[in-house]
Amino acid sequence: MDLVEAHSAIVAPRGIWWRPAGKQEKIWVTLAFIWCMVLFAMMPIWHLKGGQNPSGVRAKVAPADYFARVEKFVGDYKVGEDGGMPVVAPPPGSEIYLLGQMWRWYPVLKLKEGAHYTLHLSSLDINHGFSLYPVNLNFQIVPGYDYGLKIVPNKAGDFRIVCNEFCGINHHMMVGRVIVE
Amino acid sequence: MATIAQALIAGPRSRTCEVTGLTVEWHAETLLKVNAVVAVVNFLIGVIAAFGVVMTRWQAVHLLPADLFYRFLTLHGLNMLIFFIIFFEMAVLYFAGPILLSCRLPAPRVGWLAFALMLLGMLVVNTMVLQGRADVLFTSYPPLQAHPLYYLGIILFAVGALLVTALFFATLVVARRERTYEGSIPLVSFGALTAAIIAVITLLHGAVIYIPTLLWSLGYMTIDPQVYRMVWWGLGHSSQQINVAAHVSIWYLLAALTVGGVVVNEKISRMAFVLYVLFISMASAHHLLVDPGMGPAWKVWNTSYAMYLAVLASMVHGFTVPAGIEMGQRLRGYTHGAFEWLKKAPWGDPGFSGMALSVVIFGFIGGITGVTIGTEQINIIVHNTLRVPGHFHSTVVGGTALAFMAVTYYVLPLIFRKRVAFWGLAKLQPYIFGLGIVILSMSMIFQGIFGVPRRHWDVSFANAPFQVEYHPAVQIFQATMGLGGLLAIAGGLAYIVIAVVTVFFGRPFRLGDTRDPSGVPPGIWRLPRQVHEGASVAAAHQTGTPGTLVLVLIFFSAFILYYFANWKILSFLWKVG
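If you read the sequences in order, they're chains A and B. The opening residue of the first sequence carries number 1 in our numbering; numbering runs sequentially from there. The opening residue of the second sequence carries number 1 in our numbering; numbering runs sequentially from there.
Just so you know, not all the hints are guaranteed correct.
Stated by the list, open to error - In silico BS3-like pairs for lysine-lysine, Cα to Cα no more than 27 Å straight-line:
(1) A:Lys110 to A:Lys23
(2) B:Lys575 to A:Lys110
(3) A:Lys112 to B:Lys418
(4) A:Lys150 to B:Lys267
(5) B:Lys267 to A:Lys49
(6) A:Lys150 to B:Lys343
(7) B:Lys267 to A:Lys155
(8) A:Lys23 to B:Lys568
(9) B:Lys343 to A:Lys23
(10) A:Lys23 to A:Lys72
(11) A:Lys26 to A:Lys110
(12) B:Lys418 to A:Lys60
(13) B:Lys33 to B:Lys575
As the list claims (entries may be wrong) - According to the in silico footprint, chain B covers these stretches of chain A (three or more CB under 8 Å from chain B):
(14) 66-74
(15) 93-99
(16) 117-130
(17) 137-149
Read the hints as simulated data drawn from the structure, not as lab findings. Values in this document were obtained by computation on a predicted structure and should not be read as measured data. Glycine included, C-beta positions come from ideal geometry on N, C-alpha and C.
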């Protein structure tokens, strides 16, 4: 029995309430659905056409092994020091290694504008947040996981790495440096 | 205690509500009350913690030292997101189940046991945090480790909440069998049902993650930090979906009580709630979009296909709730032009204004920013910046908490049978709180766009090896964040004072006592028609809801603009892949 009636949301609806939608509802639901499909499609499209994706070359790695890789990288390409921290200038195209640990980013990187690198990120102890400032590039650093991001710096500058995942009492002191020439 | 014991022995007593005609059973009503009162106490703890947090993030003030800041931040997250909201949702279940269906509460002892478990769990957790034995923040990411009792307290709380949802399901069965209502359950109860189903899924994720974590804290097993993040967010985001289902149900409830808002189409509204149930867990992926443990296929699939159907559901309710209000208002005679129904709506009724503000803040700020920043690639410029708490203060606080405040103004006279204290202040309270939250959220979002981190004690980075200079605008937004936060805190304290004074010292409310209307919302003095029949309805369906259509098209335009603007900003970044 389909009554011409309207009731509020606290009333138990009687009869058959499974009714076709009105015209305005249909317009809105259709528009909203199309929009949702646009939202979905944008992501694969950007993977194909866009320049920024969080894909990375990913692997599991024991913190001790990752530390050894970082030290080898520092040994190979070190060019100086900055406040006690080694400054490392890897050649374009190379695999570069950065680690986060309570409470520092190690080492300082010196990169070339327009060059391609694979930037490996991992933590030696707990979760940290890699936040390249002022670019505003943000990634989660998880111990036991190597996040190898293919990056191309597009502007020269003196950048900072801020830790943006809570990592203990000196979290605010965890600041690193990336120089791009 | 004595009266509880008496009632347990003597069996159920009930009364007939003079306003709605519903049969209200004593256990259901009393359990609603105790859960609501404890919810407000936890809200107070959360507000005090909020003061410490926001006055520290405003660097010019920088109130707390580092250790207390992170402790207050932990306290704030737990008491707001878990204890306040879930205790309040237990009250919502008692309302939407036994009370709305005029049914007795089967097995009230289970309800009392559940309440005791939740209370105990909450006290254990808060004690651990205050003692400094759980400085791990609300997410407690391993390898950060808290005292085992912290995890045990959360498990106890979750078990209690699960029992209440079980009791809710049992009530639905009993109500049907004892035929306490005819037809299908009302939409509000249906919405609460979907919230309860999502709660079960959420709490099961919680068990899967907190039990191993408890064992790990006792030294019995290891935990992979990436797996923890993945499973924890299955609990963490799904719990927000409970909140959404609950506050949308409350929107429909308040629309009915304040203006006689109607359900434009039961099928559409119910299908939208079902979409929430089907797709919540997958949406949790948007917390893991820049994590190393999962690949792009997993990220895109989970954050999109599923979340966008849940987004579709929200966009549907974003239409049907205002449309229901518009149609209800048109049926009451406000038919002039496209917007008389809105202009002549009861903006002085805090039940209405709180609900309306909740719809707008949740939709415009919360929804639009949320979907955008939950896009796999756009998340790169957002993750762990202050944009994230800016977003979720507009959804959970501007959306859920404000809706809960709005419904409180009806619960106080209807369930607690008291006139609302400080009625003049009560009428202003949703506006004060809403405005404060909007200013706070927008300020955090702008700071995040400039790269300011979340969960951070000192963004002047004093004593760090390298200096960081933020854009000068950041200082301005810190000040507006502080001021917006203070305004919201004022609004929150007003709510607490009004609620506490009303419950314990309020003047009794009797429907017949109309000489002095203050302290009781207009919808209670004269409940709007809840059912309309005949020619007026046919005419209303013909006209439809032109005002709402305009409003949602404005919303849609804002959505499209904000979304594509963010892709543009992303495109300026270094190439990364």
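Next on the checklist: Of the numbered hints stated earlier in the document, which are not met by this structure?
Outcome noted: 1, 3, 4, 5, 6, 7, 8, 10, 11, 12, 13, 14 and 15
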